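The sequence shown begins at 11 in the working numbering and counts up one residue at a time.
Please keep in mind that the hints were generated in silico from the structure rather than gathered at the bench. Worth double-checking, as some hints may not be accurate.
Dumping the calculated EDC-like pairs for lysine to aspartate or glutamate here, alpha-carbon to alpha-carbon at most 16 Å [unchecked claim]:
#	residue 1	residue 2
1	K199	D273
2	K141	E105
3	K199	D247
4	K43	D247
On a predicted model such as this, the values are computed, not experimentally measured, just so you know.
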Amino acid sequence: MNSVDKISTTRVEDYLRSLQDRICLQLEQADGKEHFIEDEWARDADQRGKNEPTLGGGGRTRVLNAGQVFEQAGVNFSHVSGASLPPSATAARPELAGRSFVALGVSLVIHPLNPHVPTSHANVRFFIAEKDGEEPVWWFGGGYDLTPYYPVLEDIVSWHEAARSACEPFGAGVYSQYKEWCDRYFYLKHREETRGVGGLFFDDLNEGGFERCFSFLKAIGDSYLLAYLPIVNRRKDQKWTDRQRQFQLYRRGRYVEFNLVYDRGTLFGLQSGGRTESILMSLPPLVSWRYNWRPEAGTEEAVLYDYLEPRDWLEN
Numbered sequence: 011m012n013s014v015d016k017i018s019t020t021r022v023e024d025y026l027r028s029l030q031d032r033i034c035l036q037l038e039q040a041d042g043k044e045h046f047i048e049d050e051w052a053r054d055a056d057q058r059g060k061n062e063p064t065l066g067g068g069g070r071t072r073v074l075n076a077g078q079v080f081e082q083a084g085v086n087f088s089h090v091s092g093a094s095l096p097p098s099a100t101a102a103r104p105e106l107a108g109r110s111f112v113a114l115g116v117s118l119v120i121h122p123l124n125p126h127v128p129t130s131h132a133n134v135r136f137f138i139a140e141k142d143g144e145e146p147v148w149w150f151g152g153g154y155d156l157t158p159y160y161p162v163l164e165d166i167v168s169w170h171e172a173a174r175s176a177c178e179p180f181g182a183g184v185y186s187q188y189k190e191w192c193d194r195y196f197y198l199k200h201r202e203e204t205r206g207v208g209g210l211f212f213d214d215l216n217e218g219g220f221e222r223c224f225s226f227l228k229a230i231g232d233s234y235l236l237a238y239l240p241i242v243n244r245r246k247d248q249k250w251t252d253r254q255r256q257f258q259l260y261r262r263g264r265y266v267e268f269n270l271v272y273d274r275g276t277l278f279g280l281q282s283g284g285r286t287e288s289i290l291m292s293l294p295p296l297v298s299w300r301y302n303w304r305p306e307a308g309t310e311e312a313v314l315y316d317y318l319e320p321r322d323w324l325e326n
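Using the sequences plus the hints, can you model the full thing?
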């Protein structure tokens, strides 16, 4: 194993496994009822279909179902490698063609039961592609975003304050840059609305060298629950009605649309022959669809649509 492998793969994997452990423990404590079940999986020749690329590695998928706070929470660690990337993954990056690769990441999506508690997503990941006689190509990516159904300004501001605090040690403009990228990325073009109220998104990060980039990844990963759990604790005991529950299920449909149409991680995982069950754990357990429907003006449900466009939440 060369020095690049040792630094950029082993240490990142150790951190990501620890992050998964810490997040699952704290979510279990916040739920107070259910525990995560773990599905540890591996990719080998016996598990691949004849049309799948040659993949190795594996992961740990953890799912909490039917909790008293979280209807479903999925926290997935994956370590996938391959002898070459599929054409769909190299079309926009031709310099990666013919390289072996390793992709590491922790990805999670939390779907609360109470409509007053927002859905949230976080992801931190590392990618490296190598070829004999050439320098490795590597980068970090990730971020987190918040998807409320009955938005509360206090929650949105505290969410973005935590994101800004995580970014501040790395430069004055880092939060603004990655907040704006998040607004652009989590945007449903066919609906002309954002998925939620944003957060952070970054990708292809290698500027400043491995150590600096790895430190930034850890800052983002470590700050996720600092941003999310205070909101959960403020809203989890708030009373809710069947009407609010039905609106939550309807809006979850937007989450499904984004993940299946636009999300890079979902598309890369499916196109590279990844493990389908783990890739699609981000989908909500229940969702409803209504044809050509929108809440009536003046209702509490209509308020959400005023929040579904980019805004500087920390301007005051």
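Taking the hints in turn, this is what the structure says about them:
1. K199 with D273: Roughly 13 Å between the alpha carbons, so the hint for K199 and D273 holds.
2. K141 with E105: Within the cut-off at roughly 10 Å; holds.
3. K199 with D247: violated (34 Å)
4. K43 with D247: Answer holds: K43 to D247 is near 14 Å, not above 16 Å.
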